[in-house]
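Quick note: the first sequence uses our numbering, first residue 3, plus one each step.
To be clear, the hints were calculated from the coordinates, so they are not data collected in a lab.
Wrong hints could be hidden among the right ones.
What the hints assert, rightly or not - No more than 27 Å apart at the CA atoms, straight line, and that leaves these computed lysine-lysine pairs for BS3-like: (1) Lys301 to Lys426; (2) Lys391 to Lys428; (3) Lys426 to Lys377; (4) Lys334 to Lys353; (5) Lys511 to Lys415; (6) Lys160 to Lys103; (7) Lys351 to Lys426; (8) Lys426 to Lys391; (9) Lys485 to Lys428; (10) Lys361 to Lys328; (11) Lys271 to Lys66; (12) Lys377 to Lys66; (13) Lys245 to Lys271; (14) Lys103 to Lys6; (15) Lys334 to Lys271; (16) Lys146 to Lys103; (17) Lys361 to Lys391; (18) Lys499 to Lys511; (19) Lys415 to Lys433.
Unchecked claim - Pair ranges (Cβ atoms, derived): (20) Thr136 to Lys223: 34 to 40 Å; (21) Glu322 to Gln122: 35 to 41 Å; (22) Lys223 to His341: 25 to 31 Å; (23) Gln137 to Lys351: 43 to 49 Å; (24) Glu322 to Thr123: 55 to 61 Å; (25) Gly80 to Ala387: 26 to 32 Å; (26) Phe381 to Lys36: 18 to 24 Å; (27) Ala387 to Glu445: 21 to 27 Å; (28) Glu330 to Glu89: 24 to 30 Å; (29) Lys36 to Met508: 42 to 48 Å; (30) Pro235 to Leu117: 30 to 36 Å.
Just so it is clear, CB atoms sit at the ideal spot from N, CA and C, and this is done for glycine as well.
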Amino acid sequence: MSKKVRVRFAPSPTGGLHLGGVRTVLYNYLFAKKHGGDFIVRIEDTDQNRYVAGAEEYIFDTLKWCGLEPDESVQHGGAFGPYRQSERKESYRQYAEQLVKEGYAYYAFDTPEELEKMRQTPIATGNKTEHGHTQQYDHSIRMKMRNSLALTTAETQKMLAEGTKHVIRIKVPEKETVSFTDMIRGEVSFDTSTVDDKVLLKADGMPTYHLAVVVDDFLMKISHAFRGEEWLPSAPVHILLWKYLFGLENMPQWAHFPLILGPNGKLSKRDGAKYGFPVFAMRWNDPKTGELTEGFKEKGFLPEAFINLLALLGWNDGTEQEIFSKKELIEKFSMDRVHSAGAKFDYEKAKWFNHEWIKRFEVSNLRFEVGELLKQDGFVVSNEAFLDKVIALVKDRCVLLTDFVQQSSFFFKTPEVLDIDAIKPKWNEAKQLFFAELIRNYELSSGWDAHTLENNFKEIAAVNDLKPGELMLPFRIMLVGGKFGPGVFDIAEMLGKEETIKRITMAIKVFQ
RNA sequence: GGCCCGUUCGUCUAAGGGUUAGGACACCACCCUUUCACGGUGGUGAUACGAGUUCGAAUCUCGUACGGGCUACCA
């Protein structure tokens, strides 16, 4: 009997949540839900220097918008708290001390200056001193540094007793092969001689990621540990810690997701919107710089489309299906169909996903968002039934939610400027007379539906020996203001008799 | 530089030894539509390179090249 599936997303609250982060959340979430497990969010705030106000709150807001609610977290509670690493500070030291006691780690007293000097020391591996090579704090140099391995026991005890600032480093064995099975990449192995003695416990008593992730994954009974590929190089450290602390048999199964690349490599939080597309899920307001970065939400993406597009960036179900609801994703997701290669983000395709979702969405699902957008732009939306009809009429031509404003503004407000250039050259007296007659006809019209409106329009055109086609565009410009929008007669029907006639009348004057 | 991961149309990907290498986005053409879209039909376009294993390789192995990641008392 296998243990319960428990996965975690462990962000550090230092800024906005970008595409890669959300996809990591998504895959964690899908995997958990697929296997009836728990999805946990653990805040990794062990670096006090990088604290950013509001970032934690922002992460949860983003998850909520995406529809990826955790089962356990700072906000959702749970039996394995606290879910903020800074609040677990006390528990880490004992594990680090245990490692020292057992000979798997050691105290290091080196000052930042000494470390800097060490990095400069040219290393002669073989016989060449390569440019750009930085010396790592590893087996080759640790006996020359100031740590409990190189110092005598008495010296170490004295420094400890005096309260000398120190860290605890892992003592990576020299010639071992550490390997593990990655759910996506298969067997991955490392020669420990190339792994450095990472700091486990910092001078301020806080653990580094390396110690914290292992301890917390154990304490929180995490069954599967998923994270981005950028963590692969430090995996041997974590494997070693599991071996020393809790036993390899208790270690979660690992999967390292491929990176999502921008035009210049890995997407990073700092890239903001400089690529011409958002990198954050939602708007991020950096309290330090005051910089406001818009996200996919503000850009007009539906959360359903957003997670759909993210899911397909590195995963597919083996069929040609591309549009998946969250329910379907949960049903069909499987880790062995996740790609191992990084994926370059394609904003055009992202927009296509959103367009597909808008087209497929029921009007009632769009009503609220579209209504808000229109109000934001100063349009008065008083009648919900009318709004619904408008949405139904224009949604096929809206790629982003924000397109609704431009596509439907003329339903709510008489256009202020008309695209006269499209009409003027071909405007003549015959056409003017036609529209005058059209006004009279429409005024007397008893029925006001697109069909009769169109019939009457064409009848009058025929009687006056005019081509309906040449009159449709002017009519459109009169009602819409430009060369876009749904069928003209549908628009006229929606606008109603009074408004339609008003717009024709006004336009005739403008065209003269 | 070292270590690790990766490499199929411009982009996302399918094809887990035998296919005319399939689909989607984008692009182009035509049809539909006397607006713009939607929709429909068709088109351009890819297995990085070199060896090997095999009757047969995009698929397995090795090398090379290229790309990416990591190389902090950051995650």
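query: Taking 27 Å as the top limit, are the C-alpha atoms of Lys334 and Lys271 close enough?
result: 30 Å, violated
- prompt: Using the C-beta atoms of Glu322 and Gln122, is the stated range 35 to 41 Å upheld?
  reply: 56 Å, violated
- request: For the pair we were handed, Lys271 and Lys66, check the Cα-Cα distance against 27 Å.
  value: With Cα atoms ~20 Å apart, Lys271 and Lys66 stay inside 27 Å; holds.
query: Taking the beta carbons of Lys36 and Met508, is their distance inside 42 to 48 Å?
result: This hint is violated: roughly 60 Å between Cβ atoms.
query: Are the Cα positions of Lys426 and Lys391 separated by 27 Å at most?
result: 32 Å, violated
- prompt: Between Lys511 and Lys415, is the straight-line Cα distance small enough, at 27 Å or below?
  reply: Holds - the C-alpha atoms of Lys415 and Lys511 are around 19 Å apart, at most 27 Å.
query: For the pair Pro235 and Leu117, does the Cβ-Cβ distance stay inside 30 to 36 Å?
result: 20 Å, violated
Given hint Lys391 paired with Lys361 - CA-CA distance at most 27 Å: 14 Å, holds
field: Lys426 paired with Lys377 [C-alpha distance capped at 27 Å]
entry: Distance ~33 Å between Lys426 and Lys377 Cα, so the pair is violated.
- request: Determine whether the Cβ-Cβ distance between Lys223 and His341 falls within the hinted range of 25 to 31 Å.
  value: Holds - the Cβ-Cβ distance for Lys223 and His341, about 29 Å, lies within 25 to 31 Å.
query: Going straight from one Cα to the other, do Lys499 and Lys511 come out at no more than 27 Å?
result: 19 Å, holds
message: So if I understand the rule, the pair passes when the alpha-carbon distance is 27 Å or less; does Lys301 with Lys426 pass?
response: Since the Cα atoms of Lys301 and Lys426 sit roughly 36 Å apart, the hinted pair is violated (cutoff 27 Å).
The structure is inconsistent with the numbered hints 1, 2, 3, 7, 8, 13, 14, 15, 21, 25, 26, 28, 29, 30, although it conforms to all the rest.
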